[in-house]
Structure formats: C-alpha cells, structure tokens
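Q: Here are the chains, one letter per residue:
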Amino acid sequence: MAQVIVVTSGKGGVGKTTSSAAVATGLAQAGKKTVVIDFDVGLRNLDLIMGVERRVVFDIVNVISGEAKLNQALIRDKRVDTLSILPASQTRDKDALTKEGVKGVIEELSKDFDYILCDSPAGIEKGALLALYFADQAIVVTNPEVSSVRDSDRILGVLQSKSRRAEEKRDPVKEHLLVTRYDPARVERGEMLKLDDIQDILRIPLLGVIPESESVLKASNTGNPVILDGESQAGQAYKDAVSRFLGEDRPMRFIEAEKKGFLSRLFGGRAA
Amino acid sequence: MSWLKFFRGKQEETPQTASQAKERLQIVLAHERISRKGEDFLPKLQKEIVELVAKHVAIDAGRVNVSLERGGDLSTLAIAVELPGPEQAQRAS
Ligand SMILES: Nc1ncnc2c1ncn2[C@@H]1O[C@H](COP(=O)(O)OP(=O)(O)O)[C@@H](O)[C@H]1O
Ligand SMILES: [Mg+2]
Chain A
0 MAQVIVVTSG KGGVGKTTSS AAVATGLAQA GKKTVVIDFD VGLRNLDLIM
50 GVERRVVFDI VNVISGEAKL NQALIRDKRV DTLSILPASQ TRDKDALTKE
100 GVKGVIEELS KDFDYILCDS PAGIEKGALL ALYFADQAIV VTNPEVSSVR
150 DSDRILGVLQ SKSRRAEEKR DPVKEHLLVT RYDPARVERG EMLKLDDIQD
200 ILRIPLLGVI PESESVLKAS NTGNPVILDG ESQAGQAYKD AVSRFLGEDR
250 PMRFIEAEKK GFLSRLFGGR AA
Chain B
0 MSWLKFFRGK QEETPQTASQ AKERLQIVLA HERISRKGED FLPKLQKEIV
50 ELVAKHVAID AGRVNVSLER GGDLSTLAIA VELPGPEQAQ RAS
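Going down the list, the sequences are from chains A and B. Just so we're aligned: 208 in numbering that gives the first Met the number 0 is position 209 of the first sequence, and the numbers increase by one with no gaps anywhere. Just so we're aligned: 11 in numbering that gives the first Met the number 0 is position 12 of the second sequence, and the numbers increase by one with no gaps anywhere.
Looking at chain A on its own, in the form it has when it is part of the complex (with noise of 0.2 Å):
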C-alpha cells in the first residue's frame, strides 16, 4: 500500500510547493515510487516548479471527469524514472475536484506507487481540505514568523479532526514539522522566531529546517527542484529532510549563524 502524504501549511506562500518537489524528487531518487499531485485547481504552479510545464496535456480534473485516463494525465520525470507529476487544472474551477474522484485517483495510484505526495492549496477550505483528507502521514511547512505558526496550528486541528483517518477513527495522521526560510543570522539577531521556540508552540516532530536560500529561485527559474543542487545549503537541507523521513538519522545542520569573515561582512555574501 502507499504512503499518502500531504504537504499543507494553511498560510500560503510558505513554501509548500517549493518542498512538494523536493521532497517528491528525494524520494523518487531514493528509488522510491513517487507520485506528486497538484491540489491548487485553477492556480497550478507545481508544473513550472517540477519544470514539466510544457508536457502537460491532461490533469487531475480530466482524469476525474473520465476524459483522460490516469496514466495519461501522469508525466513521468526525465530526470528521475521513479517520479511522476499529476497536474492540476488549470482551467476548470475548485468545484471540479470532489472526494469520491480523488479517492479514485488515489486508489489507483496506490496500486504503482509507495509514496503519493499531496501539494496541498493555501487556506482551509474545499481544495486544502481534500488534499489533506486521504494522508496517512502530513508535513507541515512553516515559516518563523508568528501568522504562519499560527496557520500551522489551525491546519493541525484540521489534520486531527477532518482528514480521514480521524473521521474513521483509525491512528491519526503522522505529522512532520518543516520549517522553511529559516534565516539563523535574523534569529541569531532576535528578529525571526527561533527553532526552539516553534517547536515549543506546535510540539510536532521535526523533519528538517530549509534556511532561506537564494538557490531556490535559481532553481524555480529554471524548473529544477532545489534538492537537486547539491551545492546549495536549501538542497542539501532537503535531503537530509528525505533521509529523515526514511528513518535515517541525520543532524541539523544550518541552524546556526555562519560566523562571517571580513570580507563578506564587508560586502553582503548570502547564504547560497
């Protein structure tokens, strides 16, 4: 059986599509089955961000509504085989997803896949709600800033009484923090939330911390997943996240502020 997991935050602009793709293609290169959906019908951006866009004929909305089949709408990725991307709809309205044609889709993709991530749309209504509702396990992207720890908390309470798997009453859904833009030398300054501090309030296990990271509009300008930048802090934070989430231990790293030399006092270095 597959995995089915949601990556929602409640607040948009955090960073849940930007950690779908990553966490979807450290998967699918840890040769597991992978299958990333786009929840957002009418604002699809995962396309772009997975650098697919120019291949999508079908979506989640023709697969539901019976014009497409499924193996049709998925695109499989060039870079890693064990990957696929099921677009949203771009065209149609919110109203075109209904639970009974999601949970077919899943179902269905159950039967090829281990894991089935869910780009979960901002907010908490009928597009988030039916993201979140088949997961087994759920990450929650958060920012260290107060209305997004606030959102997090509001998505939990959803995760613990509306998604499936709290209606059937079976063990709830397995939650992961991620915190995302985590800027240490703004925290080290007392401007930003500390780590500390967030888990304090949300008190769900954590899964990793993403700096803030200028390669992550690299990697979005050119539609390649940031975690396969080795290079960048954002990417190799990814993957330790990934490593995380397969049961391996790794420390956190990038939580503390580089201590910086002269020069790059002098002139501004950011993080890459």
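Heads up, some of the hints might be wrong.
Calculated lysine-lysine pairs in the DSS-like style (CA-CA distance at most 27 Å, straight line) [unchecked claim]:
| id | chain 1 | residue 1 | chain 2 | residue 2 |
| --- | --- | --- | --- | --- |
| 1 | A | Lys110 | B | Lys46 |
| 2 | A | Lys77 | A | Lys238 |
| 3 | B | Lys21 | A | Lys68 |
A few chain A residues facing chain B, derived, Cβ under 8 Å [as the list claims (entries may be wrong)]:
| id | residue |
| --- | --- |
| 4 | Lys68 |
| 5 | Thr90 |
| 6 | Thr221 |
Simulated from the structure, these hints should not be mistaken for lab results. C-beta atoms are modelled at their ideal positions from N, C-alpha and C, and glycine is treated no differently.
Based on the hints, put chain B with the ligands in the right spot on chain A.
A: Here is chain B with the ligands on its own, set in the frame of chain A:
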C-alpha cells in the same frame, strides 16, 4: 575592471537564470491564454483520434498515450496507440 567588480566577481560567475524563467513563462502563458479563451481541444482531439483508430482495429483506450512538448514556435503532439497483435485484431473484426 573596477575594484567593486573585483570583489563582486563571484556573483557574475553564476549563470543568469532569470532569462530562462522569462522564456519558460512566455511559452507556457502563450498556450494558457489560448486555451483560456476556448475549450481545451486536446481531450476532444484525442477522443476523436482514438475513435477513428477503433473503427479499424480493436484497441484498449487505456493503451493510448498522448505526449506533448510545447515550444515557442512549434509544439509537437504525439499520440501512441498500442495496437493488438494480428490475431486479436482479426477476432475483433
Ligand atoms: N528556503 C527558501 N529560501 C528562499 N525562498 C524560498 C524558500 N522556500 C520557498 N521560497 C520562496 O517562497 C515563495 C513561495 O514558495 P512556494 O513553494 O510557492 O509556497 P506555497 O506553495 O506554500 O505557496 C516562492 O517565491 C519561493 O521561491
Ligand atoms: Mg503552492
């Protein structure tokens, strides 16, 4: 080279990715703007092609693969239909 450039040398080494971003956006948005106006013709086109092929040979609709590569000037649509062996095809007709 100014002394400033000398110290900032590292920045100039990194390849410019913004131009790639612009090019990718221009292509994908050109296509999206067209399909926003009318109905997306691809599902219909595929359905009609499959029906046409099915008139001649027995095929399984699930064994039709559509792949698309959008480009700025040229897009290619490839439809691969897996045909049954000659025996099955005869039995169907
Ligand atoms: N670690 C990071 N460092 C710098 N920028 C980031 C990082 N993670 C995400 N971003 C940027 O934040 C913005 C929102 O990211 P995105 O993944 O689209 O969020 P969401 O899917 O939650 O709306 C994007 O511009 C992205 O490039
Ligand atoms: Mg997103």
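Q: Decide, hint by hint, whether the structure agrees.
A: Hint check results:
With a CA separation close to 26 Å, the supplied pair A/Lys110 and B/Lys46 stays within the 27 Å bound. About 19 Å separates the Cα atoms of A/Lys77 and A/Lys238, which keeps this hinted pair within 27 Å; it holds. Proximity of B/Lys21 to A/Lys68 is assessed by CA-CA distance (about 32 Å); at most 27 Å being required, the pair is judged violated. With a cut of 8 Å, the hint placing A/Lys68 at the interface with chain B holds, because the nearest CB-to-CB distance is about 5 Å.
A distance limit of 8 Å between C-beta atoms decides the matter here; for A/Thr90 the minimum to chain B is near 6 Å, and the interface restraint holds. Here the hint on A/Thr221 is kept, as its CB sits about 5 Å from the closest CB of chain B, short of 8 Å.
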